Each structure stands twice: as C-alpha cells, then as structure tokens.
Amino acid sequence: MKKVLTYGTFDLLHVGHINLLKRAKALGDYLIVAVSTDEFNAIKDKKAYYSYEDRKYILEAVKYVDEVIPEKDWGQKVKDVQKHDVDLFVMGHDWEGEFDFLKDYCEVVYLPRTEGISTTKIKEDLNTIDSK
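Residue numbering for the sequence shown follows the numbering used here, starting at 105 and increasing by one per position.
It is worth saying that the hints were derived from the structure and are not from the lab. Take these hints with a grain of salt, some might be off.
[Stated by the list, open to error] With a cut-off of at most 30 Å between alpha-carbon atoms, the simulated DSS-like pairs for lysine-lysine come out as follows:
(1) K167 <-> K126
(2) K181 <-> K148
(3) K225 <-> K176
(4) K148 <-> K183
(5) K160 <-> K129
(6) K207 <-> K148
(7) K181 <-> K129
(8) K107 <-> K167
(9) K129 <-> K107
Being a predicted model, the structure only gives us computed values, none of them experimental.
My request is simple: use the sequences and hints to build the entire structure.
What follows is the structure, encoded as structure tokens:
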C-alpha cells in the first residue's frame with residue numbers, strides 16, 4: 105500500500121483544498137492529512153476561523169482523506185513520515201524546495217495550486233463585502 109502525507113491548516117475548506125486532496129489521494133492508496141493545531145497556528149502567528157477539532161472533523165468527512173493527524177510543531181515531519189511509513193510527501197507548489205530534506209525518507213512532490221482561490225483571498229473578499 106502506497107501512503108501519501110500532506111500538511112496544512114485547512115481553514116475555510118474550499119475547492120483548492122479539495123483539488124489538492126483529490127490529486128494527493130490519486131498518487132497513492134492511503135492519504136494522511138496533518139492539520140495544524142490551534143496552538144501551532146498561534147506559534148506561526150496564524151488564526152483559523154474553525155478550531156482544530158472542527159477542521160479535523162470536516163477533513164475526516166472528505167472522501168479522499170483516510171486519516172487526519174495533528175501538526176504540533178515544525179520539526180515533526182520526519183517523525184510522521186517514519187511513524188506512518190509514508191512513501192510520498194505532497195505539498196502545494198508554493199512550498200517548492202522547502203521540504204526537499206524529506207527526500208532522504210520518502211518521495212516529495214509539489215502539486216500546482218488551484219488558480220484564483222486561497223483561504224487568504226476568501227478572507228480578504230469577506231472583509232471587502234463586510235466593509236461595504
């Protein structure tokens with residue numbers, strides 16, 4: 105069985121997220137999604153609309169996702185790859201090169217992002233609507 109792993113905050117789930125999850129799952133048999141915890145987001149100076157538990161629950165309902173695990177710190181990726189016997193690590197192309205250190209442990213692939221959509225853009229659009 106080929107295991108695939110990806111990471112993210114996955115706040116305000118949108119078509120870009122679904123495209124990434126669908127393409128990641130198509131590269132293997134079992135997709136593990138590591139989701140940033142609220143505590144880790146605070147360290148990254150990020151604030152998610154939904155709590156970690158809600159984001160985990162939403163992702164568990166997506167048909168492409170087989171397992172959701174918490175992302176608690178920057179340094180856990182190697183441990184996660186080893187612990188879960190991961191064959192392939194997948195991230196969006198905007199992270200190109202950032203996770204090449206994992207190539208000693210598994211294959212690393214950077215997938216193209218869905219054009220015109222991001223959580224940041226959604227939040228900006230909502231702020232624009234709200235200010236009118």
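Checklist entry - Is K148 close enough to K183, meaning Cα to Cα at most 30 Å? => result 20 Å, holds
Item to check | Restraint status (C-alpha distance of K225 to K176 at most 30 Å) | outcome: The given pair, whose Cα atoms are some 25 Å apart, holds under the 30 Å limit.
Checklist entry - Would the pair K167 and K126 pass a check requiring their Cα atoms to be no farther apart than 30 Å? => result 9 Å, holds
Next on the checklist: K160 and K129 were given as a pair; does the straight-line alpha-carbon distance stay at or below 30 Å?
Outcome noted: 17 Å, holds
Item to check | Given pair status - K148, K181, alpha carbons within 30 Å | outcome: 16 Å, holds
Item to check | Holds or violated: K107 to K167, with C-alpha atoms at most 30 Å apart | outcome: Between K107 and K167 the Cα gap is close to 16 Å, so the pair holds against 30 Å.
Item to check | Hint consistency between K129 and K107 [alpha-carbon to alpha-carbon, up to 30 Å] | outcome: Roughly 9 Å separates the two Cα atoms, so the pair holds.
Checklist entry - Given the hint that K181 pairs with K129, does the C-alpha gap stay at or below 30 Å? => result 19 Å, holds
Next on the checklist: Next pair to validate is K207 with K148; report whether the Cα-Cα distance is within 30 Å.
Outcome noted: 24 Å, holds
Figure legend: structure checked against the earlier numbered hints; every hint is met.
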